[in-house]
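Using the sequences and the hints, build the whole thing.
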Amino acid sequence: MGYTLNFDAVWRSFDLLLAGLALGLALAFAAILLGCVIGLVTAFALLAKSRMARMPAGLYVTIIRNTPILVLILFTYFALPELGIRLGKIESFILTLAIYSGAYLAEVFRGGLLAIPPGLREAGLAIGLTEMQIRTSIIVPLMIRNVLPSLGSTIISLFKDTSLAAAIAVPELTFEARKINVETFRVIETWIVASLMYVATCTALAAIMRKVEQRLTVPR
Amino acid sequence: MDPIRFGEMLWLARMPILKGLGMTVSISALAIILGTLLGIFVGLSLTYGARPLRWLVRGYTDFIRGTPVLVLVLASYYVLSTVGLDLTAFQAGVLALTVFCSSHVGEILRGALQSIPKGQIEAAKAIGLTFRETFAYILGPQALRQALPAWVNTAAEMVKASTLLSIIGVSELLLRTQELISRTFMSLEFYFFAGLLYFTINYAIEHLGRYVERKTAVPS
Amino acid sequence: MKIRMKLVAAAFAAGSLLSAASAQAQESKLDEVLARGHLIVGTGSTNPPWHFKSMSDELQGFDVDMGHIVAEALFGDPDKVEYVIQSSDARIPNLTTGKVDLTCQFMTVTGERAQQVAFTIPYYREGVGLMMKAGGNYADYDALKAAGSDVTISVLQNVYAEEMVHKALPEATVDQYDSVDLMYQALESGRSDAAATDQSSLAWYMAQNPGRYVDAGYGWNPQSYSCAVARGDMDWLHFVDTALHEAMTGVAFDTYAASFKKWFGRDLPPPQIGFPVEYK
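Protein chains in written order, with our numbering: chain A, 737 to 956; chain B, 8 to 227; chain C, 71 to 350.
Simulated from the structure, these hints should not be mistaken for lab results. Don't be surprised by glycine CBs; every beta carbon is placed ideally from N, CA and C. Treat the hints with care, as some may be off.
Sample of chain A residues facing chain B (criterion: CB under 8 Å; computed from the structure) [unchecked claim]:
hint : residue
1    : VAL807
2    : PHE814
3    : THR939
4    : THR953
Mimicking DSSO-like on lysine-lysine, the simulated pairs with C-alpha atoms at most 30 Å apart in a straight line are [claimed, not checked]:
hint : chain 1 : residue 1 : chain 2 : residue 2
5    : C       : LYS215    : A       : LYS825
6    : C       : LYS350    : C       : LYS332
7    : C       : LYS332    : C       : LYS203
8    : C       : LYS215    : C       : LYS203
9    : A       : LYS785    : B       : LYS222
10   : C       : LYS350    : C       : LYS331
11   : A       : LYS825    : C       : LYS350
12   : C       : LYS150    : C       : LYS332
13   : C       : LYS332    : B       : LYS26
14   : C       : LYS215    : B       : LYS26
15   : C       : LYS203    : C       : LYS331
16   : C       : LYS237    : C       : LYS203
17   : A       : LYS825    : C       : LYS237
18   : C       : LYS350    : C       : LYS150
19   : C       : LYS215    : C       : LYS237
20   : B       : LYS125    : B       : LYS222
Put into structure tokens, the structure is as follows:
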């Protein structure tokens with residue numbers, strides 16, 4: 737059984753793979769938006785003076801960071817409905833990914849917040865801004881600039897994690913690749929094309945993030 | 008939710024769960040050991056390798072890091088046997104995780120080695136040490152100290168990634184859990200329990216990592 | 071330049087692997103299995119009553135019993151068989167790459183698949199049924215059909231899944247799942263209004279959960295379940311065929327009938343004595 741590479745079957749289904757890739761990107765994008773909000777709130781809670789705020793935030797980050805994401809995905813989708821929480825396949829996946837990324841982003845943001853000199857807050861207070869105004873217009877924008885590199889790598893790993901949506905039959909890239917694999921038995925070709933698509937997308941995302949970083953870096 | 012029935016089921020299922028746990032631990036341990044050996048080669052090549060070798064290894068790590076682990080697992084299971092390399096699901100899974108681990112360890116090691124000031128190498132040269140000696144007495148020990156905490160954390164990554172082997176039929180903890188659910192239909196309870204076991208393992212690893220970090224910290 | 075040399079070397083290495091793979095496999099799998107002393111069967115582990123784990127962690131089910139029947143025919147010992155757990159999409163790849171000698175994993179015979187692997191004679195004829203939660207929104211098949219696209223049907227992932235459901239419920243929304251338990255979970259959690267799958271699986275599930283589910287009362291889509299072997303080895307295929315055939319009609323009928331009773335709850339009439347049933 738000599739094996740000759742034949743990409744015809746894969747090209748015929750290339751539309752499916754592209755649609756899967758687009759869905760994966762959309763899932764990652766939706767999750768990162770939600771995750772940023774969760775992460776930001778958690779980061780402030782982690783740095784709060786009150787133990788009542790720090791405790792639950794710390795617990796959330798510890799639990800999520802130490803649990804495999806596949807278990808979280810299956811749990812949200814198949815176990816939560818037993819408690820009366822029912823979400824569609826895609827919503828359930830986005831929510832899981834957002835909660836998952838929120839825990840990692842919280843740590844990223846916490847580091848970014850710690851790096852901001854306390855003098856800025858005092859200066860803000862001196863010119864009559866409220867605590868909330870200081871946070872939204874001074875601290876958070878600066879912090880985001882500081883953490884852009886880690887934010888970028890979180891986005892990329894989040895995009896890779898969208899492959900796990902295949903486990904609950906969300907038709908993203910990995911799901912489509914497995915389907916083509918079963919239907920045509922063009923095993924090598926399918927996985928070569930699928931992984932190259934992932935690598936290319938991750939490289940492109942990294943390049944975009946670098947550009948954004950260059951744009952936003954505080955000139956020194 | 009019926010705690011008594013669940014307790015009964017859990018007791019009856021203790022052996023499969025323990026076996027699954029044992030499998031999860033062996034997969035992770037093998038992947039970490041083999042991945043670290045390969046990763047040391049990767050890290051050294053990235054830092055000190057001749058240009059063609061460096062490019063080759065750089066291409067390898069970029070490719071691995073740009074591909075989701077699930078795709079690595081599926082590809083290593085299906086593609087390798089198509090080209091005549093007959094691996095069991097267990098072997099293919101361990102191979103995929105090893106490769107994944109090696110790119111992690113390689114980057115950690117590279118980061119650690121490059122963080123050592125250049126001046127030290129020049130100083131070593133000045134007092135007549137060969138490169139081998141410089142590495143053994145100066146660079147190696149410092150890099151080890153730097154890399155150790157991050158390396159311990161990759162162990163937790165491997166435990167989490169081992170769940171993906173359930174998809175190719177390796178009877179680790181998650182597949183064992185799914186087998187139990189297919190018979191008992193208690194998805195909430197068993198997924199929760201599996202999550203708890205994973206959490207416990209990773210929490211222990213995380214604490215080990217912090218302990219190592221404290222022990223290896225350079226006193227300032 | 072050095073890189074190019076390495077690439078060439080790598081290509082040669084890959085090439086020799088490929089030709090090594092093609093050089094073997096002239097001898098029949100039958101001799102290989104006999105020499106090895108045990109049979110290697112590929113099947114799953116999460117789909118009762120076909121292949122699943124018992125309380126004591128033994129792989130069991132109707133597919134698993136087919137493996138025992140072939141082992142008995144080979145070695146006079148039903149336990150000389152090793153099961154390799156594989157997901158549904160590994161069935162064909164694991165045969166063509168020789169990871170398993172035989173796959174028995176509720177595999178539906180189709181022309182397309184028959185071009186990739188060689189099917190044995192069928193050991194079961196399946197039909198699809200619809201199962202709903204008792205006391206749910208829809209009373210029976212007619213109510214499901216009348217509801218049109220408001221109805222969501224959960225189904226096992228399959229190339230033909232959508233088409234299959236639409237034959238019975240043309241407008242229904244179809245959700246595909248990786249394994250039967252995930253599909254039942256979708257029904258139990260209200261994600262779907264009915265689960266469409268093999269009537270055998272539904273019957274088994276309803277028997278495990280008395281009073282919780284009802285059959286919608288409609289069956290369609292006849293399909294044959296066969297074991298499969300790699301193509302191009304008539305000797306081996308014929309051997310497995312013979313073993314299965316004699317289990318359904320001859321000396322091993324009692325074993326087959328006991329298994330059938332155990333997993334599907336029905337007694338089989340013994341094959342007619344005298345003129346062979348095949349020609350009636």
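Indices of hints not satisfied (ascending): Of the numbered hints, 4, 11, 14, 18 do not hold.
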